[in-house]
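The lines below spell out each chain.
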Amino acid sequence: MPSLLDEVRDVARGWRWGRRSLVPRSAEPFAPTPEPREFPTEWARTPAGRAARAAIQRLVLRPLVWSQTEPRVHGLDNLEGLRGPVVFVANHSSHLDAPLILCSLPERWRRRTAVGAAADYFFDVWWRAAGTALAFNAFPVERSGGRRLSDTPWRLLGEGWSIVVFPEGTRSKDGWVGRFRPGAARLCTDAGVPAVPVAIRGSFAAMPRGRGWPRSGHYPISVRYGRPMRPDPGETPGAFMRRISLSLARLWDEDHLDWWTAQVRAARGQTPPPAGPTGPRWIRVWEASRPLPRHRARPRVWS
Amino acid sequence: MSRPGFVLEVDERTPPLLVHRGEGFGLQRFPLGTRVVYPPDSLPPLPDVRGAIRTALLNPLGSEPLPELLRPGMRLTIAFDDISLPLPPMRPPDVRQLVLEEVLELAARRGVEDVELIVANSLHRRMTAKEIERVVGERVFRSFWPERLRNFDAEDPDGLAYIGKTDKGEDVEISRRAAQSDLLVYVNINLVAMDGGHKSVPVGMGSYRSLRHHHNVNTMLHSRSYMDPPSSALHGSAARMGRLLANHLRIFTVETTLNNETFPREFGFLNRREWEWSLRDQAGYLAARKANDAAPARIRREVFRRIRAPYGVTGVHAGETEAVHERTLAGVHRQQKVEVSGQSDILVVGLPYICPYNVNSIMNPILVMCLGLGYFFNMYVNRPLVRPGGAMILFHPVPWEFHTVHHPSYVDFFEEVLAETTDPAQIESKFEQQYATDPWYVHLYRNSHAYHGVHPFYMWYWGAHALDHLGDVIFVGGDRRTVRRMGFRAASTFADALEMARERVGSSPTITYLHSPPLALAEVR
Chain A
170 MPSLLDEVRD VARGWRWGRR SLVPRSAEPF APTPEPREFP TEWARTPAGR AARAAIQRLV
230 LRPLVWSQTE PRVHGLDNLE GLRGPVVFVA NHSSHLDAPL ILCSLPERWR RRTAVGAAAD
290 YFFDVWWRAA GTALAFNAFP VERSGGRRLS DTPWRLLGEG WSIVVFPEGT RSKDGWVGRF
350 RPGAARLCTD AGVPAVPVAI RGSFAAMPRG RGWPRSGHYP ISVRYGRPMR PDPGETPGAF
410 MRRISLSLAR LWDEDHLDWW TAQVRAARGQ TPPPAGPTGP RWIRVWEASR PLPRHRARPR
470 VWS
Chain B
3 MSRPGFVLEV DERTPPLLVH RGEGFGLQRF PLGTRVVYPP DSLPPLPDVR GAIRTALLNP
63 LGSEPLPELL RPGMRLTIAF DDISLPLPPM RPPDVRQLVL EEVLELAARR GVEDVELIVA
123 NSLHRRMTAK EIERVVGERV FRSFWPERLR NFDAEDPDGL AYIGKTDKGE DVEISRRAAQ
183 SDLLVYVNIN LVAMDGGHKS VPVGMGSYRS LRHHHNVNTM LHSRSYMDPP SSALHGSAAR
243 MGRLLANHLR IFTVETTLNN ETFPREFGFL NRREWEWSLR DQAGYLAARK ANDAAPARIR
303 REVFRRIRAP YGVTGVHAGE TEAVHERTLA GVHRQQKVEV SGQSDILVVG LPYICPYNVN
363 SIMNPILVMC LGLGYFFNMY VNRPLVRPGG AMILFHPVPW EFHTVHHPSY VDFFEEVLAE
423 TTDPAQIESK FEQQYATDPW YVHLYRNSHA YHGVHPFYMW YWGAHALDHL GDVIFVGGDR
483 RTVRRMGFRA ASTFADALEM ARERVGSSPT ITYLHSPPLA LAEVR
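So the protein sequences, as listed, match chains A and B. If you read the first sequence in our numbering, its first letter stands for residue 170, the second for the next number, and so on. If you read the second sequence in our numbering, its first letter stands for residue 3, the second for the next number, and so on.
Calculated directly from the structure, the hints in this document are not laboratory data. Here the structure is a predicted model, which is why all the values come from computation and not from measurement. Ideal Cβ placement from N, Cα and C applies to all residues, glycine included.
Have a look at the derived ranges for each label pair, beta carbon to beta carbon:
hint	chain 1	residue 1	chain 2	residue 2	range
1	B	Gly-166	A	Arg-194	56 to 64 Å
2	B	Asn-61	A	Ser-190	43 to 51 Å
3	B	Ala-421	A	Ser-190	49 to 57 Å
4	B	Asn-61	A	Asp-175	54 to 62 Å
5	B	Gly-35	A	Asp-293	25 to 33 Å
6	A	Pro-275	B	Gly-35	48 to 56 Å
7	A	Val-177	B	Arg-93	27 to 35 Å
8	A	Pro-232	B	Val-305	52 to 60 Å
9	B	Val-305	A	Gly-300	45 to 53 Å
10	B	Val-305	A	Pro-460	49 to 57 Å
11	B	Thr-423	A	Thr-447	55 to 63 Å
12	A	Arg-178	B	Ala-293	14 to 22 Å
13	B	Pro-6	A	Thr-405	45 to 53 Å
Sample of chain B residues at the chain A side, in silico, Cβ under 10 Å:
hint	residue
14	Pro-17
15	Leu-281
16	Gln-284
Can you make the complete structure from the sequences, with help from the hints?
Here is the structure:
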């Protein structure tokens, strides 16, 4: 006979205590999809919102992420001399990704960067939407098909805000990089702004899907910025996204091995896609969950 | 407007589902893809039940208004359904009381003096005075008990009248008082589609000699299902008897239908779909479950026995039996029918603490079988919910326990008959006569509060169609000795039961869970 505690746990899990309650899909009443009303986020970009965000990011977010994990940031030199706005295009496998990018960016970029966040996840209830908008300068992105595309990202780029986009549309289920949708590339081609690929490795091992807090053990995470890329004249969003994707794969390879080897493999067209090993799902998850090495082996200079 | 019934498909969002387990209940996770059949939400009750009864009596279907059938000097008999309906017993006032009071009011006004009320208990146990009072109300009870309000006695040689044979040679023998009345008013509660119609008088007031023509294995095997009267040989036989009776006797039928408000507010979560449980429902479930688990068996039983359903009356129809019953059935279907697409490999049912034959009593193993393989298996129209050769998984502890006053012949049936065979046909041919005519059982039926000696046989026949149809029957949490005696299998957990069923239905079976009570009648396409 289950104990009271077990029973309470079952009920708490079954009825999602503390989370949104969900109706089984087959029990959802039919309702024509209403035209989504976008959650207003302009207030988060007013001087007061910016000041509050700067304080949250500097005093809460960064100390929190940096104390629980061990981020290593590379390639910020690629942003030297670059004038915004840009579209940061990153792979996505953890809730840590957005704070890692925002908090690793230099101050002048950070204060002018917004993040595209899933409307159905982060903007479903007012308090979560307001918190996300304030802390991350986030704006809602509709990821379900058939909805009217919001003009917010174009407007933001026009106003000089850089944007962080995760073109996979959701966090990776196995820790590896999935298919990139061309929306981010379309932003670049339409607005004529460069894209900056960002490869994030190790965040899945540190805090995979389903966790609300990083695993203990200060897992290393690598955030590697690539060179800005501009769409060629007449280049389609699909073609540009393929180039971005290849560039991100090189960054991933560079982070995995070293810059020179990655360059050689790229020149030979042998850059492996960051899609992980083939085989059953557990092997892919197993490999992606392996923490990054804490210290890179350096060649010994003095014997 | 209340929502119709529907079939849920279990997905990762689905919370664990409530399953009845005899005198208890629990939450159970079902495999993804399991279909769950939910009854329609409770229909709104009639705002003025007494008014509706009066309207029905004054504007009957296929008959003159009741006052026109009443006259001074006539012999009036009023019969009504016994304690087996409704389940759980209804919170007072019972709708039968309301109908009886209206009918008696009219009879008094019309100068009828020779009035008798009879509980149509057939071969069921005699109701106690207290139980009768709860059904008919204090006013009627005080006026008529005990001289003119009594239980029917199917073994009283002087109290029976032989009417004749139907065109199929079925004997019709009913209460002499009813047969010799100028008017018989029958008051029913139509809880399920099986009840009412011509089944009321020929069965409720019939003797063993009459009942054996339809309460037998062959009829039950050809009643597919007996919750669907047009497809039921049982109802076909009862209809022939009823029509014969109608040629000899004026019958005025009053039928009532109830909504699905089966459990009182304290157990409100039992009436609701799980994903709609409020925090209060969840807390109510946890409190009820833990209190139930912690309580001694006697207290637990007492708490369940005291449950009174807050049923609302959804319809009252009166007049000629067949015309009335057509409307009544439509009302029952409106409340219970759910369209289900296709059969499945496994049917899962959680059996509640009560069935028609253990009100204020104990649900013994034979009644458990009857409730599961009889009633719940037959809650279909067109085709069973489970395919031929499929498996049925039932949740019930099936304790080896009997009420020796109410069910004396059950004890012997279980110990003697089932020890030899569980085959309904063999049981019928070898043992039925002996039990049906045993003088001791007859004595207990007439003078104590015992079910008739033949009653456990009928309960076993009630499951004959399911036994014939199913490939495997597994009781989750069932007492192994008891379950084995009945020829079934027991599993400790639902997972084990599914594993055992896979031997019969393959490794990736389709599963349907009939989420009941409240009652649902599956119309399987």
